[in-house]
Amino acid sequence: MPKMKLKDIISPFYVWQRSFEKPYTNNKPIDERPGAPSYRGFHVNDIEKCVGCGTCETICMNNAIDMVPVENLTAQVGDSGLRPRFDYGRCCWCALCVDICTTSSLRMSNEYAWVTDNPDDFRFTPGVDEKPWDDHPLGYRRDPDYSLLKLERPAMTMLSAEEGLNSFDEVVHGFTPEQAIVEASRCVECNICVATCPAHMNIPGYIKTIREQDFEQGLRLLYETNPFSSTCGRICTHRCEDDCVISHLGKPLAIRWLKRYITDQIPAEKYQQILQHKITENGKKVAIVGAGPGGLSAAYFLRLKGYQVSVYESAEKAGGMLRYGVPTYRLPDDALDKDIDYILSLGVSIHYQTTVGKEIDFQVLYDENDAVFFSTGLNVPSGLRIKGEDHPRVLSGLQVLCDVASQRDPGVGKKVAVIGGGNVAMDAARVCRRIGAEVTILYRRRIEDMPADPEEIEEAQAEKCKFVTQAIPGLIEKAKSLKQVVIQWGEAEMVADDNGGRPRPVLQEDKMHTDSYDCIISAIGQAGNYSFLPEDIKQQLVSQRGKFTVSNHQQTSNTKVFIGGDIANKTADAISAIADGQNAAIGIDEVLSLGMGTK
Amino acid sequence: MPSISQQPHKFDPPLEPDLTSGKYVKIWHGPQHPGITGNMSLELTICGDEVAHCKTHVGYLHRGFEKLMERRTFIQNFPVVCRIAVPEPAFNEYLYAAAIEEIAEIEVPELAQWLRVLNLELMRLASYLMWLGGSSGSFGMTTVYQWTVTHRDYILDLFEEMTGARIYHMYITPGGVRAKLPEGFKGRVLKVMQGVEKLLYEVEKVVFNNHVFKLRSQGLGIISKDMIDEYGIVGPNQRACGFERDLRKDQPYLVYDQLDFEVVTETESDAYTRAWVRYQEMHQSVSMIRQVLDKMPEGGSFHADLPNVLHWNVPAGETYVKAECTRGEYGYYMVTDGSEYLQRIHIRGPSYTHAVSVMEKLAVGINIADVAGLMVSLHTYPPEIER
Chain A
5 MPKMKLKDII
15 SPFYVWQRSF
25 EKPYTNNKPI
35 DERPGAPSYR
45 GFHVNDIEKC
55 VGCGTCETIC
65 MNNAIDMVPV
75 ENLTAQVGDS
85 GLRPRFDYGR
95 CCWCALCVDI
105 CTTSSLRMSN
115 EYAWVTDNPD
125 DFRFTPGVDE
135 KPWDDHPLGY
145 RRDPDYSLLK
155 LERPAMTMLS
165 AEEGLNSFDE
175 VVHGFTPEQA
185 IVEASRCVEC
195 NICVATCPAH
205 MNIPGYIKTI
215 REQDFEQGLR
225 LLYETNPFSS
235 TCGRICTHRC
245 EDDCVISHLG
255 KPLAIRWLKR
265 YITDQIPAEK
275 YQQILQHKIT
285 ENGKKVAIVG
295 AGPGGLSAAY
305 FLRLKGYQVS
315 VYESAEKAGG
325 MLRYGVPTYR
335 LPDDALDKDI
345 DYILSLGVSI
355 HYQTTVGKEI
365 DFQVLYDEND
375 AVFFSTGLNV
385 PSGLRIKGED
395 HPRVLSGLQV
405 LCDVASQRDP
415 GVGKKVAVIG
425 GGNVAMDAAR
435 VCRRIGAEVT
445 ILYRRRIEDM
455 PADPEEIEEA
465 QAEKCKFVTQ
475 AIPGLIEKAK
485 SLKQVVIQWG
495 EAEMVADDNG
505 GRPRPVLQED
515 KMHTDSYDCI
525 ISAIGQAGNY
535 SFLPEDIKQQ
545 LVSQRGKFTV
555 SNHQQTSNTK
565 VFIGGDIANK
575 TADAISAIAD
585 GQNAAIGIDE
595 VLSLGMGTK
Chain B
0 MPSISQQPHK
10 FDPPLEPDLT
20 SGKYVKIWHG
30 PQHPGITGNM
40 SLELTICGDE
50 VAHCKTHVGY
60 LHRGFEKLME
70 RRTFIQNFPV
80 VCRIAVPEPA
90 FNEYLYAAAI
100 EEIAEIEVPE
110 LAQWLRVLNL
120 ELMRLASYLM
130 WLGGSSGSFG
140 MTTVYQWTVT
150 HRDYILDLFE
160 EMTGARIYHM
170 YITPGGVRAK
180 LPEGFKGRVL
190 KVMQGVEKLL
200 YEVEKVVFNN
210 HVFKLRSQGL
220 GIISKDMIDE
230 YGIVGPNQRA
240 CGFERDLRKD
250 QPYLVYDQLD
260 FEVVTETESD
270 AYTRAWVRYQ
280 EMHQSVSMIR
290 QVLDKMPEGG
300 SFHADLPNVL
310 HWNVPAGETY
320 VKAECTRGEY
330 GYYMVTDGSE
340 YLQRIHIRGP
350 SYTHAVSVME
360 KLAVGINIAD
370 VAGLMVSLHT
380 YPPEIER
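Residue numbers (the working numbering), protein chains in the order written: chain A, 5 to 603; chain B, 0 to 386.
Since the hints were made in silico from the structure, they are not lab data. Check before you lean on any hint, since a few could be wrong.
As the list claims (entries may be wrong) - One side of the interface only, derived from the structure: several residues of chain A facing chain B at Cβ under 7 Å:
{"hint": "1", "residue": "Ser15"}
{"hint": "2", "residue": "Tyr18"}
{"hint": "3", "residue": "Arg44"}
{"hint": "4", "residue": "Cys95"}
{"hint": "5", "residue": "Cys96"}
{"hint": "6", "residue": "Tyr144"}
{"hint": "7", "residue": "Asp147"}
{"hint": "8", "residue": "Ser189"}
{"hint": "9", "residue": "Arg190"}
In this text, all values refer to a predicted model and were calculated from it rather than measured experimentally. Beta carbons are placed, not taken as given, at the ideal position from N, Cα and C, and that holds for glycine.
Throw the hints in and build the complete structure from the sequences for me.
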């Protein structure tokens with residue numbers, strides 16, 4: 005027992021001193037105490053900014069978040085149309101969802117008290133269902149210096165502009181294994197890119213196979229939707245990347261390079277062994293006109309369904325624009341051949357140098373086959389529509405590219421003007437730079453208005469193509485020498501469009517220039533050539549602005565004729581043609597095997 | 000041949016008395032009892048008002064954390080661990096992060112290390128204040144409980160500002176911490192520290208210089224020196240027994256080696272001494288918090304670069320990390336197999352022995368009115384037992 009001390013008896017009475025102090029507690033509800041400025045309170049969501057990627061749902065460790073459809077909100081390109089719904093019976097307010105939100109739309113208010121008599125109210129969609137804290141100050145926000153997402157892309161090794169100019173070698177080297185894994189791990193698997201891709205490739209799926217180093221499975225996934233994976237891995241217009249949710253805060257995933265990485269890992273001779281496509285013949289025949297990406301894609305998918313497929317191609321080799329329109333520094337021939345060889349190895353019969361309408365009549369194909377698919381592409385260059393354009397030194401961009409691809413001399417000379425701002429113009433200019441010409445690109449509008457891929461424009465600039473923008477060609481004249489040509493062009497002023505369209509260039513008559521070149525390459529667009537179609541079939545086909553109108557499955561009003569590729573879709577790129585080929589195969593199969601029309 | 004377990008041992012629990020003799024009454028102390036820390040239960044057999052036998056029962060709390068964590072990705076686990084010690088979650092957050100950082104070889108930026116120490120020491124102080132209130136309450140001084148919980152709330156206000164939450168901070172994440180200090184935060188910490196020091200001065204007068212408290216706590220629940228290693232007794236409970244062991248000093252982690260402090264030891268090893276050790280450590284924490292505010296770098300990165308946490312495959316490995324929490328050594332044993340999930344995690348909180356075997360031994364022979372005081376003097380958190 006402790007010894008009793010007087011101090012120990014008196015000292016506790018100190019307690020009484022506190023009787024005179026004010027209470028520490030708040031007098032709620034008279035005094036409200038707001039949460040701290042960074043308090044993790046109730047959720048708020050900027051419904052306009054949110055794209056419904058569902059990353060919050062993925063990271064939520066309590067399964068408190070569900071992505072649900074919302075009234076008045078429909079899915080569109082880059083937006084799933086879903087929004088996160090929270091279940092406050094499960095939420096633990098850890099704010100991982102806020103930290104990982106790919107658009108920073110999901111945030112928290114600093115409100116922490118809420119009473120309601122309806123238990124269903126605790127399951128709500130922030131930003132859609134009105135809540136008392138919607139007007140409260142914001143609470144927790146992700147610190148900008150910290151991110152759970154990886155926003156930077158590993159730098160791709162490429163040939164320098166100087167090295168590129170000396171050869172037709174591929175400019176982009178492709179990812180190293182380390183880079184590929186880093187890049188693949190940036191994916192949040194939201195699937196928004198799948199909806200955007202015209203061929204609806206299983207992008208998160210094959211990216212996952214890179215993380216898991218299972219390239220064989222990756223190849224199988226690629227070939228489910230796209231028999232041109234090696235090609236698309238190089239030259240696809242990658243609209244998937246434009247919609248990648250990571251692009252809201254950082255650099256989008258290099259989906260195209262990752263696809264290329266998978267195909268680069270597997271040699272062509274292993275394709276058959278890995279893909280193991282087994283074909284059961286069904287005895288029906290389909291003719292395909294044009295061995296470009298659209299035609300061969302249709303051939304591939306039809307062949308897998310057991311159809312006997314004959315492809316008619318006017319050129320010496322298959323590939324269409326991929327071979328004759330895309331220069332080898334962007335798409336080397338062996339990469340393209342890898343894809344085409346596999347398609348042909350499935351038993352697709354192909355007739356080279358057989359122009360439909362000349363060597364064989366379309367009517368014969370129509371009568372001898374159960375269905376006909378054609379994707380003949382846009383291969384007739386559009387005219388400049390100025391005086392003197394029939395000068396022999398005015399060449400077409402397509403012809404120059406075709407000549408170079410066929411290893412013929414395009415005969416452009418040493419000083420070249422390219423007119424146009426699309427991919428063909430850029431490619432023609434860069435090809436001319438590689439064969440030693442000085443190149444000036446004349447374009448009616450500004451650089452930001454150019455329809456060419458930004459990468460192509462950048463690389464053309466790096467390769468020292470001279471860009472003259474807001475330049476409208478006016479007249480082409482003979483020069484003193486037969487090997488030269490003179491062009492008159494005027495500076496243009498951009499005038500805002502009153503109807504809200506993009507600004508249009510207006511020629512300034514007083515600012516005219518006259519230049520002389522060895523040749524002028526016109527690359528302002530292409531049109532289709534349908535002279536091979538018999539008149540009665542042509543009558544049945546509906547076209548609008550030079551493009552055929554087709555059903556979802558590429559069927560025309562003639563139920564036996566299917567059309568795809570650049571002549572049927574607005575986007576006019578390889579991946580759309582490939583998607584058309586797949587759709588047509590589905591449509592043809594529906595019609596022939598099930599005996600039904602397509603929608 | 001008798002197996003090892005059948006051989007009698009000097010620390011074997013006493014046999015349960017014969018209830019049919021009519022001398023004993025069995026009563027349940029807890030799980031709903033203000034004198035119990037957290038939700039656990041003591042099954043007491045009493046003879047008159049003297050405890051003849053004590054058996055502990057757990058199972059009234061959230062359980063199964065370790066298994067739960069095997070089913071969550073690495074980032075999803077960090078909001079789970081804080082629940083393993085409700086009044087003191089920061090140590091769990093730190094240890095979980097430290098284990099991953101060690102296996103994945105992540106280097107934590109310096110600023111993050113200082114912020115972690117600030118967080119942990121504020122946590123220690125808040126936890127001790129809570130304990131001080133509980134301890135006083137258990138010995139009948141509920142007024143002191145009001146005081147200390149008030150000041151704990153002021154620290155929670157600081158947490159709210161620093162981390163975004165009052166209790167489950169979820170601030171220390173694998174790789175660093177989640178945010179920088181807000182503007183003017185240091186000044187507010189210093190102000191709260193002033194208040195805490197004043198409070199401690201008052202508590203010394205009212206609690207430690209109180210004849211009644213001394214009468215009840217001195218000589219209560221004496222832990223003998225030979226029990227320490229045998230039972231795995233750690234923290235203030237062993238320091239009150241004269242062992243100079245403190246992980247912050249013995250195996251410094253974070254930036255504790257840059258802080259100036261002495262390990263507090265006493266020798267009496269009873270409930271009063273244990274309280275006194277903790278009381279001195281509170282002063283020490285206040286001093287450490289001031290040192291941290293003084294020495295910590297002004298700027299810099301507070302979070303290491305992590306892979307995308309949605310596909311985070313921590314490399315295969317195993318590790319044991321430990322830290323000194325208010326109750327002693329807290330350990331995390333983690334095994335990873337290179338996948339996106341933990342293969343196994345084992346969490347060893349100090350309460351595991353303190354609240355079960357030590358309690359069962361010390362409770363025998365004491366007055367039933369002192370059971371609550373004894374339990375609190377061991378400073379136990381039942382969720383650690385049932386993690």
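For each hint, the structure was consulted:
Hint status for Ser15(A) relative to chain B: holds, with the closest Cβ pair at about 4 Å, below 7 Å. Interface restraint check for Tyr18(A): the shortest CB-CB distance to chain B comes to about 5 Å, inside 7 Å, so the restraint holds. With a least beta-carbon distance of about 4 Å to chain B, the hint placing Arg44(A) at the interface is held under the 7 Å criterion. For Cys95(A), the suggested interface contact is broken, since its CB lies about 10 Å from the closest CB of chain B, more than 7 Å.
Hint status for Cys96(A): holds, given a least beta-carbon distance of 6 Å to chain B, under 7 Å. For Tyr144(A), the interface hint holds, the least distance from its beta-carbon to any beta-carbon of chain B being 4 Å, beneath 7 Å. At about 5 Å, the closest approach between the beta carbon of Asp147(A) and any beta carbon in chain B falls short of 7 Å, and the interface hint on this residue holds. Against a cut-off of 7 Å between C-beta atoms, the interface hint on Ser189(A) holds, since the closest Cβ of chain B lies about 5 Å away.
Because the smallest distance between the Cβ of Arg190(A) and any Cβ of chain B comes to about 6 Å, under 7 Å, the interface hint for this residue holds.
The structure fails to meet hint 4 from the earlier list, while all remaining hints are met.
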